[in-house]
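One-letter residues, chain by chain:
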Amino acid sequence: MTAPVLEARGLRVAHGGHVALDIPHLAIAPGELVGVVGANGAGKSTLVNALLGWSRGTPVVEGKVRLAGEEIGALPTHARVARGLTLVPEGGAVFYRLSVAENIAAARPPAGSGRRGHDEAEIFALFPRLRERLHHLASALSGGERQMLAIARALRLGPRVLLLDEPSIGLAPRLVVEVLRTVRGLVGPDLSVLLVEQNVRAAIEVVDRLVLLERGRILAEGPTEAMRDDPRILSAYLGEAVA
Amino acid sequence: MNLVQQLINGIVLGHAYALVAIGWTVLLGVARLVNFGHGQIYMLAAFVTWWAAMPLGLPYPVAILVAVGAGILIGLVMQAAMLRLTITQDLVSIMIVTLGFGHLMRGVAGLVFGGNPQVLETPLSYVDFEVAGAWVTAQDIAVIIACILFFLLLHFGLERGSLGRTARMVAEDPKLAQLAGINIKRVYFAVFAFEGAAVALAAALVAPRTPILTSIGFEEVIITFVVVVLGGIGSVAGSYVAGIGLGIFTALFGGFVSPAYATTAAFAVLMVVLVLRPGGLSLGAGKAVR
Numbered sequence: 231m232t233a234p235v236l237e238a239r240g241l242r243v244a245h246g247g248h249v250a251l252d253i254p255h256l257a258i259a260p261g262e263l264v265g266v267v268g269a270n271g272a273g274k275s276t277l278v279n280a281l282l283g284w285s286r287g288t289p290v291v292e293g294k295v296r297l298a299g300e301e302i303g304a305l306p307t308h309a310r311v312a313r314g315l316t317l318v319p320e321g322g323a324v325f326y327r328l329s330v331a332e333n334i335a336a337a338r339p340p341a342g343s344g345r346r347g348h349d350e351a352e353i354f355a356l357f358p359r360l361r362e363r364l365h366h367l368a369s370a371l372s373g374g375e376r377q378m379l380a381i382a383r384a385l386r387l388g389p390r391v392l393l394l395d396e397p398s399i400g401l402a403p404r405l406v407v408e409v410l411r412t413v414r415g416l417v418g419p420d421l422s423v424l425l426v427e428q429n430v431r432a433a434i435e436v437v438d439r440l441v442l443l444e445r446g447r448i449l450a451e452g453p454t455e456a457m458r459d460d461p462r463i464l465s466a467y468l469g470e471a472v473a
Numbered sequence: 147m148n149l150v151q152q153l154i155n156g157i158v159l160g161h162a163y164a165l166v167a168i169g170w171t172v173l174l175g176v177a178r179l180v181n182f183g184h185g186q187i188y189m190l191a192a193f194v195t196w197w198a199a200m201p202l203g204l205p206y207p208v209a210i211l212v213a214v215g216a217g218i219l220i221g222l223v224m225q226a227a228m229l230r231l232t233i234t235q236d237l238v239s240i241m242i243v244t245l246g247f248g249h250l251m252r253g254v255a256g257l258v259f260g261g262n263p264q265v266l267e268t269p270l271s272y273v274d275f276e277v278a279g280a281w282v283t284a285q286d287i288a289v290i291i292a293c294i295l296f297f298l299l300l301h302f303g304l305e306r307g308s309l310g311r312t313a314r315m316v317a318e319d320p321k322l323a324q325l326a327g328i329n330i331k332r333v334y335f336a337v338f339a340f341e342g343a344a345v346a347l348a349a350a351l352v353a354p355r356t357p358i359l360t361s362i363g364f365e366e367v368i369i370t371f372v373v374v375v376l377g378g379i380g381s382v383a384g385s386y387v388a389g390i391g392l393g394i395f396t397a398l399f400g401g402f403v404s405p406a407y408a409t410t411a412a413f414a415v416l417m418v419v420l421v422l423r424p425g426g427l428s429l430g431a432g433k434a435v436r
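Quick mapping for you: the protein sequence lines, in order, are chains A and B. If you're matching positions, the first sequence starts at 231 in this note's numbering and goes up one per residue. If you're matching positions, the second sequence starts at 147 in this note's numbering and goes up one per residue.
Keep in mind that the hints were calculated from the coordinates and are not lab data. Virtual Cβ for every residue (Gly too), placed ideally from N, Cα, C. Treat the hints with caution; some may be incorrect.
From the structure, some residues in chain B lie toward chain A, with a derived Cβ separation under 10 angstroms [as the list claims (entries may be wrong)]:
no.	residue
1	R178
2	Q324
3	I330
Distance ranges between label pairs, derived from CB positions [said to hold, decoys possible]:
no.	chain 1	residue 1	chain 2	residue 2	range
4	B	G303	A	G418	32 to 42 angstroms
5	A	A309	B	L295	28 to 38 angstroms
6	B	G303	A	Y326	20 to 30 angstroms
7	B	G253	A	G299	50 to 60 angstroms
Partial selection, computed: residues in chain A whose CB lies under 10 angstroms from chain B [said to hold, decoys possible]:
no.	residue
8	P289
9	R361
10	L364
Start from the sequences and build out the full structure, keeping to the hints where you can.
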């Protein structure tokens, strides 16, 4: 088996005395698109945030995280980003007071990293709408455009692994399909993606492997084809009766 | 009362106000933080300049550099002590801690420099020019030139360059800035070092105009507050305009009405402006540094 590009061991997150996440092991192979699904409060966002050591709160995070063979679990967020792990948080977080052009220009891989981020031409090929809105403030963008901008900014950093937290949230169904297809198209030998998605029906069409979370623990995981028939997925997320 | 002289006084005073306030403008605009020890850094830097120039006998430009170095050191020490509060944006605790630092600095200044007022004499203090029947010293002109250069530097370096963009990102959302690979601790340290340096430079240039006492600094922090709020918090150009406007207003009010109530009148203006225009006077009022 190929060595994983991202691997977490004993990842545990607690808020106060409450354990919100307890993942003994999770690995992503190079060029793999892994979907993380689960109900509200299952720990999906907590998982991707913990991998990056990032949070808007002050949780206690324990465990080991390895990126391309390097232990990064003790590093601050910006240092993990510099090494090639990037997150697009829920809601397409962008800098509202910066223009679209500034949001895009603000991100680039650190000098000497050897990684190459998407250049502007590649960004506009992926998201032509951003070119039209280049000189608008990000606050003037629609929800879908903000999501595109947030992904564009992450791609500019030239990540090895991109963590995407619910990119489809708040988007029209047609846009959901478009965004997820775009994500699928990004994955390649140099970029793996961990996609957190509540829209299981849409996610299952694009991911290689599915991880089902419940109450902060992995309930099931496996290749999409196998998981598609998993009764827990069928009954809880695809609305199909299980015999 | 000579109107031209009052106007010149006002312009000099205004540039002095703007120069003293510049560190706070960036501090509040970039880090969304306050420093109520600002006035005491001014006081301490004024003493350091005096000490370096008078007892030590260093040339005045070198004394300015020594004061700026001291300002940077004070800024870094303050930020090191408050880093956790800064990152969690705990403003109330930061206000109290910076007030505490201010009192500490006043105590240290009293112990080190004594309670006697000192006068900082610089080679520029003795050079006078006559302008349309009014007098201005070379020290006053140095204040104006330094202030204009500093604001231009900020305008081009901070508002237009990548440094300014980084600063605005941290100001808007420090957590999100981390996801863009920005080391926010480094930015916060840099901002506090800049604040210390800027107010120390202001002290080194402005302090020769008045006696230096351990009790000075309170009025400077109040005036700074008025300038920064009037200018639109975080607006570099707004602070400059507000500083000049406030200086001219104070000089004219002091000259033609009563110097005793000039600060009171400045606050009255501040209140009126804030009621009519809550974001301050600048065009980009209320925006982060840009």
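(request) Answer holds if the nearest beta-carbon of chain B is closer than 10 angstroms to that of P289(A); otherwise answer violated. (result) Because about 13 angstroms separates P289(A) from the closest Cβ in chain B, which is outside the 10 angstroms limit, the hint is violated.
(message) Tell me if the interface restraint on L364(A) is satisfied: Cβ within less than 10 angstroms of some Cβ in chain B.
(response) For L364(A), the interface hint is violated, since the closest Cβ of chain B sits about 15 angstroms away, which is over 10 angstroms.
(message) For the hint 50 to 60 angstroms, verify it against the beta carbon of G253(B) and that of G299(A).
(response) With a Cβ separation near 54 angstroms, G253(B) and G299(A) satisfy 50 to 60 angstroms, so the hint holds.
(message) Does the beta carbon distance between G303(B) and G418(A) stay inside 32 to 42 angstroms, or does it fall outside?
(response) 39 angstroms, holds
(request) State, for the Cβ atoms of A309(A) and L295(B), whether the hinted interval 28 to 38 angstroms holds or is violated. (result) 36 angstroms, holds
(message) Please check whether Q324(B) passes as an interface residue: C-beta within 10 angstroms of a C-beta belonging to chain A.
(response) 4 angstroms, holds
(message) Given a cut of 10 angstroms on the nearest C-beta pair, is the interface hint for R361(A) held or broken against chain B?
(response) 20 angstroms, violated
(request) Report holds or violated for the interface hint on R178(B), using the least CB-CB distance to chain A and a cut-off of 10 angstroms. (result) 12 angstroms, violated
(request) Classify the hint on I330(B) as holds or violated, based on whether any CB of chain A lies nearer than 10 angstroms to its CB. (result) 7 angstroms, holds
(request) Starting from the range 20 to 30 angstroms, see whether the pair G303(B) and Y326(A) falls in it by beta-carbon distance. (result) 23 angstroms, holds
The structure shown violates the earlier hints numbered 1, 8, 9 and 10.
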